[in-house]
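Fit chain B to the given chain A structure using the hints.
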Amino acid sequence: MVVLNKKAFRLPRVEKENFILLLRLGLEYSREQGTFCVASYNNIEKLTDTIAEILNVDDVTFAQTCILCGKDFPCTGCKYADSCTTKNLPFHCVCPQCLREGKTLE
Amino acid sequence: MKEDLLWVEKYRPKKISDVIGNEEAKAAFVEWLKSKRRSKKAVLLYGPPGVGKTTIVNAAANEFGFKVIEMNASDTRSEKAIQAVAGPATAFVALDTFSSESKGNILFMDEVDGIAGNEDRGGVSAIVKIVEESRVPVIMAANDPDLEKLRPLKKVSTLVRFQQVRIPLIIAMLRKISHREHIEAEFEALERIAQNSGGDVRSAINDLQSLAEASKTLTLQDTVTLSARNRDISMDETLRRYFSAKSLLEASILLSRSSVDYDDLLMAVGDNLPRRYSDPEELAEAYDFVSRADMFRGRIGTENWHLLKYFYNSMSEAAAVSPESYKPFSFISPPIRIITLFWTKSKRTMLDCICGKIGQRCHVSRASAKQDFVPYVKIMLTKKITEPVVSWLGLEPDEVEFLTKMNKF
Chain A
20 MVVLNKKAFR LPRVEKENFI LLLRLGLEYS REQGTFCVAS YNNIEKLTDT
70 IAEILNVDDV TFAQTCILCG KDFPCTGCKY ADSCTTKNLP FHCVCPQCLR
120 EGKTLE
Chain B
521 MKEDLLWVEK YRPKKISDVI GNEEAKAAFV EWLKSKRRSK KAVLLYGPPG
571 VGKTTIVNAA ANEFGFKVIE MNASDTRSEK AIQAVAGPAT AFVALDTFSS
621 ESKGNILFMD EVDGIAGNED RGGVSAIVKI VEESRVPVIM AANDPDLEKL
671 RPLKKVSTLV RFQQVRIPLI IAMLRKISHR EHIEAEFEAL ERIAQNSGGD
721 VRSAINDLQS LAEASKTLTL QDTVTLSARN RDISMDETLR RYFSAKSLLE
771 ASILLSRSSV DYDDLLMAVG DNLPRRYSDP EELAEAYDFV SRADMFRGRI
821 GTENWHLLKY FYNSMSEAAA VSPESYKPFS FISPPIRIIT LFWTKSKRTM
871 LDCICGKIGQ RCHVSRASAK QDFVPYVKIM LTKKITEPVV SWLGLEPDEV
921 EFLTKMNKF
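So the protein sequences, as listed, match chains A and B.
Numbering follows the numbering used here, with no gaps: position 47 of the first sequence is 66.
Numbering follows the numbering used here, with no gaps: position 100 of the second sequence is 620.
Okay, chain A solo, but in the shape it has when bound (with noise of 0.2 Å):
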């Protein structure tokens, strides 16, 4: 499984075709960094298949951000991940270590 980060990632070079279609499934790209982000949610899924294929890997999926503590972590350490049936959206969760430290929503 590879982990991107949904604010910025980079990606190999890819046909015309595919770089339309990533942009119509939802990704945002900038000249200046040569980085993709996740703009619109609406089609998560085929978003990650497709760039599951061009990065030739079985599975993709984004970052997490902790809503406790800000930070961002991959869904690879979370005991919960087997029965999450939400891998790849919403982007938002809480991290193992904040969950471990008993740390409570405001």
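Keep in mind the hints are simulated off the structure, nothing from the lab.
Be careful, since some hints might not be right.
Stated by the list, open to error - Quick list of the computed label-pair ranges, beta carbon to beta carbon:
{"id": "1", "chain 1": "A", "residue 1": "K65", "chain 2": "B", "residue 2": "K587", "range": "37 to 43 Å"}
{"id": "2", "chain 1": "B", "residue 1": "E805", "chain 2": "A", "residue 2": "T104", "range": "52 to 58 Å"}
{"id": "3", "chain 1": "A", "residue 1": "K65", "chain 2": "B", "residue 2": "S811", "range": "52 to 58 Å"}
{"id": "4", "chain 1": "B", "residue 1": "S537", "chain 2": "A", "residue 2": "D77", "range": "33 to 39 Å"}
{"id": "5", "chain 1": "B", "residue 1": "V744", "chain 2": "A", "residue 2": "D77", "range": "37 to 43 Å"}
{"id": "6", "chain 1": "B", "residue 1": "H699", "chain 2": "A", "residue 2": "L42", "range": "34 to 40 Å"}
{"id": "7", "chain 1": "B", "residue 1": "D781", "chain 2": "A", "residue 2": "G45", "range": "50 to 56 Å"}
{"id": "8", "chain 1": "B", "residue 1": "K696", "chain 2": "A", "residue 2": "K65", "range": "34 to 40 Å"}
{"id": "9", "chain 1": "A", "residue 1": "D101", "chain 2": "B", "residue 2": "P848", "range": "39 to 45 Å"}
{"id": "10", "chain 1": "A", "residue 1": "T104", "chain 2": "B", "residue 2": "S866", "range": "31 to 37 Å"}
{"id": "11", "chain 1": "A", "residue 1": "T104", "chain 2": "B", "residue 2": "N824", "range": "30 to 36 Å"}
{"id": "12", "chain 1": "B", "residue 1": "F707", "chain 2": "A", "residue 2": "D77", "range": "32 to 38 Å"}
{"id": "13", "chain 1": "A", "residue 1": "N75", "chain 2": "B", "residue 2": "L827", "range": "57 to 63 Å"}
What the hints assert, rightly or not - Heads up, simulated DSBU-like pairs for lysine-lysine below, C-alpha to C-alpha not over 30 Å straight-line:
{"id": "14", "chain 1": "A", "residue 1": "K90", "chain 2": "B", "residue 2": "K675"}
{"id": "15", "chain 1": "B", "residue 1": "K554", "chain 2": "A", "residue 2": "K90"}
{"id": "16", "chain 1": "B", "residue 1": "K587", "chain 2": "B", "residue 2": "K675"}
Ideal placement from N, C-alpha and C gives every residue a C-beta, glycine not left out.
Leaving out everything else, chain B in the frame of chain A:
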């Protein structure tokens, strides 16, 4: 009557930031709501129950100063009813929008996927028309947007998808409530409640309350009694658990989970109370609570859903008049009134048809024909003045027979 009996009401988010989970959906909805030039005048929030669709609408309205005009699945949503409620609400911009406090109305139609059947005929097309002509934001919520009948609504709406709330988020939420309620809760117990909830925050809070409110402690052992979440508790099951409830709280939580129609429930409880309470004083007391619940149900109408907790309270109090006297009994279900309506349907249809014919001939409504004309037509028919009356009204032989025998029914 206890204020804020249910924690789901007590901890209902007042601000958008208080709604847990679905950050992207929340952002998309708020962006749509704040936008001055919306590409589509309506938004359809869709996703499983208990993930915050209704809550975010109320929280956003509260935060941005909108007044919510709500139509729920429990209302009849035929073309006529929708036009009657939503038409005036969406056709004008309220004067108070020019003040700084209010931004006017938003029309919220909850559970639009529940529009079905003859009583809601024309409902979807009426909503589409409302959306196209509306001068205020129209918000809809649905559990299953893939239904064929909702296709026209999807065309005119911005779609915002809500997902199940994740287990760690629910645990954090339960922890917050436990702290505020001074409950010493084991992490494993909260984890078990969150896992059992199936991503439904409302159910998780109800479970926490039912398990920990009285004892102020919660251990993993306490959660053994948790049953797998059943979203669709039938009328029979609701009645069984309602009448056997050992406390006010147990009955109240059951009612908040049950999916039965409030009006059907009122009728069913009314029918079954004499079987439940043999002591006349207890029965009278229970009926007092049911009548109070009926009053609240009437006041809830189509938009005052904040009164629902009082409806639940009164209904629960009717169940908890004397918990110790409960003995299993067989229920009358469905309610007697509904059974009667079922058995008399053909007769009512026949009478309606006759009234239609009389109304057409005498230029009166069906209701007037029924009240002012049918008794006299019946007298004429029984006095054997049949031929001219029958031919003038165009009555069929079976309709004549029906009218002459009508007092026997």
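*asked:* Which constraints among the numbered hints does this structure fail? Numbers only, ascending.
replied: 2, 6, 7, 10, 14
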